[in-house]
Amino acid sequence: MEARRDEPVRQAESEPKLRAEDLHKSFDGRVVLDGLSFEVADGESLVIVGPSGTGKSVLLKHLIGLLKPDSGRVFVEGKDVWAISDRERNELRKEFGMSFQEGALFDSMNVYDNVAFPLRRSGRPTREIRDRVRECLDIVHLPNVEEKRPSELSGGMRRRVGFARAIAHEPDILLFDEPNTGLDPIMTDVIDEVILNMREKLNATIVTITHHMPSARKIGDRIALLYGGKIIFQAPPDEFLSSQDPSVKQFVQGSAEGPLTPEGQVAPSKRPSEGA
Amino acid sequence: MKFFEAIGRTVLRVLEEFGHVFQMMGRVIGWTFRPPYDVPELFRQMVRVGVDSVPVVFLTTLFTGMVMALQTVNGFARFHAESLVGSVVALSLTRELSPVLCALMVTGRVGSSMAAELGSMRVTEQIDALTALGTEPIQYLMVPRIAASIVMMPLLVIMGDAVGIWGGYLVAVKLLGVNPVRYLENSFQFLHIGDDIVSGMIKAAVFGLIFSLIACVRGYYTTGGAEGVGRSTTRAVVSGSLSVLFADFFLTKLLF
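Heads up: the sequence lines are chains Y and P, in that order. Take 1 as the starting number for the first sequence in this note's numbering and just add one per residue. Take 1001 as the starting number for the second sequence in this note's numbering and just add one per residue.
In case anyone wonders, no lab produced these hints; they're calculated from the structure. Don't take every hint at face value.
Claimed, not checked - If the Cβ cut is set under 10 Å, some of the chain Y residues that face chain P in the computed set are:
{"hint": "1", "residue": "Arg87"}
{"hint": "2", "residue": "Glu91"}
{"hint": "3", "residue": "Phe96"}
{"hint": "4", "residue": "Phe100"}
{"hint": "5", "residue": "Phe106"}
{"hint": "6", "residue": "Gly162"}
Glycine is no exception: its CB is placed at the ideal position from the N, C-alpha and C atoms.
This is chain Y alone, in the form it adopts within the complex (with noise of 0.2 Å):
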C-alpha cells in the first residue's frame, strides 16, 4: 500500500498527468477559484473534498478543457489545453473519461447507445462495443436497462449509467464528479470498488469529488481540501483525517463551527490558510 502511494510522488518529479498553474475563475463577478495550483502525478489517485459551491465542479471543468480560465494555465500530459488547436484539444479529450454530477446522459439516445458513444466514436467494430458495453452495465449492476430511456431512470440509475459511460473506452485520466452522491451505502461501495479497480487495471490517473469521507479515504493516495478558490490543505487520507488543522477537522467531523463557512467565504478573523 505504501508502495503504490510513493511511486506517484516518484514520477511526478518528472512531469505529472495534470498540472494546474495559478488558475483564477470568475462568473458575474463571483470570484471561484482565486489562484488555485496543484499536480496530480500520472496513477495516482486524488479525492477533492470541499463545502458546496467552492467551484469543485468548476476544477474540474478546467481540467478536461470544458472552461477556460481567465489566467493560469492547465497542463496535460505537459501539453497546455489552451495552446494547442481545437481538434487537438478535441483529440486530447478523448483520453479521459468523465461523470458529471446527474449523468449528463444523451436523452435522445437509450441507454446502450450513451454508453457505447464514446466506443463508436472510437471506430471499435460493432461485436467489440456490445461486449463492452454490457461489461460496464454489469460493473454498475445495471443489467436489463441497454432499452431504456434515460428519463425512464431514477437519479442514482442515471448517474450509474454516466459512470459506465465515463469508463467505458478505458480512458487513461478519470474524472467523477461526485460519483456516489445520493447512492446506497452498498453501491456506494460498489462504485468506490470499480474506481479502486480502474486504477489497478488500467494505471488510470483519477480525480474525484466527493463528499463522502469513508470513499475518500479508500479511494484517494491524497485528499485535497478545496476552499476559497484554493487547495488549501493536502495529504494522504489518514493523514488528512487525524490532522488538526482547523478547517480540516471541521470538514471531517462535518461541524457547522469553525473557519470554513457555508457561504464559501474564509472568515476574515482566522484564515485557515494561517492555521494549516
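Assemble the complex: chain Y is given as a structure, and chain P must be docked to it using the hints.
Structure of chain P alone, referenced to chain Y:
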C-alpha cells in the same frame, strides 16, 4: 438621458448578438468540412426539418394561393383583367410568399424545437458531456441541423409553389368561374424558371441558414435552467422570424 441610454444599450445588445451569430457561422463552416461526417444524423435532421414540415407548408401555401386568387379576381374584375390573375398568383407565390411564409412557419415549428433541444442539452450538461467525450458539439449538433435546413427549405418552397398555384387555380376556376385554359396559360406565360423559381429557392436556402443558425446559437448559449430554455426558444423564434423578413428585403433587392 435614460431614454438615449436605453437605445444605446439595445443597439449594443443587437450588435453583440449579430457578432455571436457571425462568429458561430465561421466555426460551423470550419467544422462542416472536417471528418467524421455523420450522414445518418444529417438524414434524420432532413426528415425533421423537411418531411415533417410538409403538412404545415402544404396548408400555409394552399390557403395563401387561394386567398391570393380570391382577392385578385375580385380586384382585377374592376378593370376587366381577370385573365391576369394566374400570373399574379404564380409570380407573387414563387418570388415572395412561398419562401417567406415557408421560412416563418418552419422557424416557428423547427427553429423553436432546435433551440429548446440544444438549450436543455446545455442546462443538463449534455453538451459538456459531448465535449468531454472528445466530440465537438458544433460539428455533432449544429452542422447536421443547419445543413439539413439549407437543403430542405428550397424543396419545401418548390412544393409550396406548386400547391399555392393549384390552390389559386381551384378558387379562380372552380369557385369564381375563370376560364381554366386561359388561367393556366397565363400562370406560366410570365413565369421564368431562373428569375422566379430559382431565386425563390435561393432565398429559401438563405432563410434556412438564418433561422437554423440563430436557433442553434440561442440554444447553445442557454443559461439559467428551464426558464432559460424557455427564453432561448422565444428569442430563437422572434429573432429568427425578424431576421428572415429583414434578409428578405435585401435578398429581393439583390436577386431581382
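Status of each hint after checking the structure:
Residue-level restraint check for Arg87(Y) holds (minimum Cβ-Cβ distance to chain P is 8 Å; threshold 10 Å). This hint holds: Glu91(Y) has a C-beta 7 Å from the nearest C-beta of chain P, less than the 10 Å allowed. About 6 Å separates the beta-carbon of Phe96(Y) from the nearest beta-carbon of chain P, less than 10 Å, and the hint is met. Annotation: interface hint on Phe100(Y) holds; nearest CB of chain P at approximately 5 Å, less than 10 Å.
Nearest Cβ of chain P to the Cβ of Phe106(Y): about 6 Å, under the 10 Å cut. The hint holds. Annotation: Gly162(Y) was flagged as interfacial toward chain P, and the flag holds, the nearest CB pair being 8 Å apart, inside 10 Å.
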